[in-house]
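J.: Protein chains in written order, with the working numbering: chain Y, 1 to 222; chain D, 1 to 253.
Hints listed in this document are in silico derivations from the structure and should not be mistaken for laboratory results.
All of these numbers come straight from a predicted model, not from anything done at the bench.
A few of these clues could be false.
Claimed, not checked - Label pairs and their calculated CB-CB ranges: (1) Y:PRO156 to D:ALA131: 53 to 61 Å; (2) D:GLU189 to Y:THR176: 21 to 29 Å; (3) D:SER192 to Y:VAL76: 21 to 29 Å; (4) Y:LYS175 to D:ASP206: 56 to 64 Å; (5) Y:ASP72 to D:ASP54: 24 to 32 Å.
Stated by the list, open to error - So the derived list for chain Y, only partly shown, Cβ under 7 Å to chain D, looks like this: (6) LEU43; (7) GLY66; (8) LYS67; (9) MET68; (10) GLN69; (11) MET71; (12) ASP72; (13) GLU100.
To be verified - List time: in silico SDA-like cross-link candidates among lysine to any residue, alpha-carbon distance up to 25 Å: (14) Y:LYS105 to D:PRO194; (15) D:LYS33 to D:ARG168; (16) Y:LYS105 to D:GLN187; (17) Y:LYS105 to D:LYS202; (18) D:LYS202 to Y:ASP72; (19) D:LYS202 to Y:ASN77; (20) D:LYS179 to Y:GLU99; (21) D:LYS202 to Y:VAL76.
We treat Cβ as the ideally placed atom computed from N, Cα and C, and that holds for glycine.
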Amino acid sequence: MSSTPVYIICSPRPLVGKTLVARQLSEFLLLKNGTVAAFDINLKEPSLLDYLPGITETADVIDTFGKMQLMDRLIVNDGVAKVIDLGFHAFDEFFRMSEEIGFMKEAARRHVAPIILFVADTDRGSARGYDTLRQQIPARALVTVDNEFVVRGELPEALAHGRVLRLAALPVFLKTYIDRLSFSFTGYLRHEKDSSTELHQWIRRNYTTFRDLELSVMLQRS
Amino acid sequence: MARPAVILVGADKGGVGKTTVSRTLLDYFASRKVPTRAFDTEHPRGTLTRFHPDITDVVDVTSVPDQMKIFDTIESSAAQITLIDIRAGLMLPTLRALRDIGFLDMAKKDQLNFAVFHILGPSIASLDEIAETSKFLVDARYFLVKNFINDTTFFDWDQRTYNSYFNRIKDAVELTIPKLNEMAFEQVEVASVPFLKFVANKGPHDEAANYSFVLRGYVRHWLANVWSEFDRIKLTDLVGAGKGGAGARGGEK
C-alpha cells in the first residue's frame, strides 16, 4: 500500500532557509503530482503563506485545538503530500507533542511517511535540536539540509552522520530575485528559455534532489 | 484461590478527581483481565456508571439494604475485586460503618484484602483528613493520591507543611496522578467511554469512533503514566490478583 509523505521542514533557529526549502518542495510536489497541502506554522519569519497562498494554510501548535487541527490532518493517508514549514518558535513544542502522542508510531500504522528535513545551522542550539530529533525520529526519516548560504561549508560533523540534502548557495542578487513574493520556481523553469542560467540549473538541481527524496520514501515503504 | 479484594476510592471534598481515579483503576484491572465489579455511590444518578455500565451498580452506601448488596456478596461474587467509588464527604462515615459491621476485622484476619485510595485536594482541610482516615486502616493498604487536576503543588514548596501531612503516617504510600490535557479529558467525558476504549478509538458498544488522534495520544500517554504508578505499588499483588492475564500494559496498545 502506498504511503502519504509528510515533509516537516524545521530548525530551532530562525532565518536558516526553512521557508525557502518549503517553497521549493511545495512547488516541486505541485508540479509533479498536481496537488500538495502546505501548512505554515510561523510567526514573524518570511511566511510560506505569503508565497503560496493558493496551497497553504496557517496552523499553530500553541494550544490543543491548534494541534488537533494540524495533526489530525497530517495522520490521514489521503495520497496528498503534505509540507509543513515549522517556525523556529514552534520547534520544541511540536516535537514534544509529537513524542507524547506517538505521532511516528501512528503514522507508520496508517501508512503515512513523515520525513523531517532539519535545516542545519552551526551553533549549539541547532546541535541540541538535532539531538532531540535523533532520539525520537528513525534515522531513515531524518534528513539534514545543508544550506550552503547559512552553513558555508562548515556543516557540524554531528549533523552530517545521517542523510544530508545539500542546497547550494545562490549569489546575493539572485537570492534577492527569488525572495520576491511573486517569484515561482516552476514558473521560472517554464518561462526561462535559457536553461543554462545559474538560477535555472540551481532550481533543476534542487528539484532532482527532491525527486530522489520522494523516490527514497516510496522505496522505503514498499 | 486468591482472597477477594475491596478497594475504596474516596475523598472528603468533591471535584478532586475521585471518579477519574476509579476509572483508571477499572481500566487497569480490565487490561489485566482481572474480574472486577464496581459500586457507584453517587446515588441516584451515578457518575462512574456512565463510563463502566456493564460492571457498575449505583448504590446508596448509607442504606442498609445497599450495604448488604455490597458487603454480603464480596466472597460469593465472581469478581475478584470490588471497587467502591465513595461519594465526597462519606469516606469517614463509610469507614466507621465498615468497622461497626466487622468488615475491618475481616481484613485484619486476612480474610480479604482491603485498600483505600484517598484522593487528596489541595487544601489543609483535605490533608487534615489523612490522620483521621489512617486510624481505621491499621490492616489495610492506605494510598494518598495526589491528583494533579490543576497546577496545585500539594504544599511541596513548604517542606514543613508537606512533611507534617505526607510523612506522618508510617505505612501510607503516596501516589501521583499527573494532569491530563483538559480537552482530552472533556472529549472522553462527552464520549462516555472508558479511557481504554477512547484510546482504542471505540464507541460505547465497541463500534469504530472518530476521536481526535491528538487527544487519544494524550490520553494514552497519561494513562501509561498512571498505570506505571499502579505498577510501582504492585497493585495487582496487593489485591491478590497476581500478575493478571494477558492484557495490555500501561495503556499503550
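J.: Just to be careful: measuring from the Cβ of GLN69 of chain Y to every Cβ in chain D, is the smallest value less than 7 Å?
T.: 9 Å, violated
J.: Please work out if LYS179 of chain D and GLU99 of chain Y have their alpha carbons no farther apart than 25 Å.
T.: 17 Å, holds
J.: Between LYS105 of chain Y and PRO194 of chain D, does the CA-CA distance stay at or below 25 Å?
T.: Holds: LYS105 of chain Y and PRO194 of chain D sit about 23 Å apart, inside 25 Å.
J.: Can the hint on MET71 of chain Y be confirmed by a CB-to-CB distance to chain D that is less than 7 Å?
T.: 5 Å, holds
J.: Going straight from one Cα to the other, do LYS202 of chain D and ASP72 of chain Y come out at no more than 25 Å?
T.: 17 Å, holds
J.: Should the hint that LYS67 of chain Y touches chain D count as held when the rule is a Cβ pair under 7 Å?
T.: 5 Å, holds
J.: Are ASP72 of chain Y and ASP54 of chain D spaced within 24 to 32 Å by their CB atoms?
T.: 30 Å, holds
J.: For the pair supplied as a hint, LYS202 of chain D and ASN77 of chain Y, confirm whether the alpha-carbon distance does not exceed 25 Å.
T.: 20 Å, holds
J.: For LYS105 of chain Y and LYS202 of chain D, compute the direct alpha-carbon distance and say whether it is at most 25 Å.
T.: The given pair, whose Cα atoms are some 19 Å apart, holds under the 25 Å limit.
J.: Closer than 7 Å between Cβ atoms is the bar; does GLU100 of chain Y clear it against chain D? Give me holds or violated.
T.: Because about 5 Å separates GLU100 of chain Y from the closest Cβ in chain D, which is inside the 7 Å limit, the hint holds.
J.: Does the Cβ-Cβ separation between GLU189 of chain D and THR176 of chain Y fall within 21 to 29 Å?
T.: About 55 Å separates the Cβ atoms of GLU189 of chain D and THR176 of chain Y, which means 21 to 29 Å is violated.
J.: Next item in the hint list is ASP72 of chain Y. Is there a CB on chain D closer than 7 Å to its CB?
T.: 5 Å, holds
Checked against the numbered hints above, the structure violates hints 2, 6, 7, 10 and 15; every other hint is satisfied.
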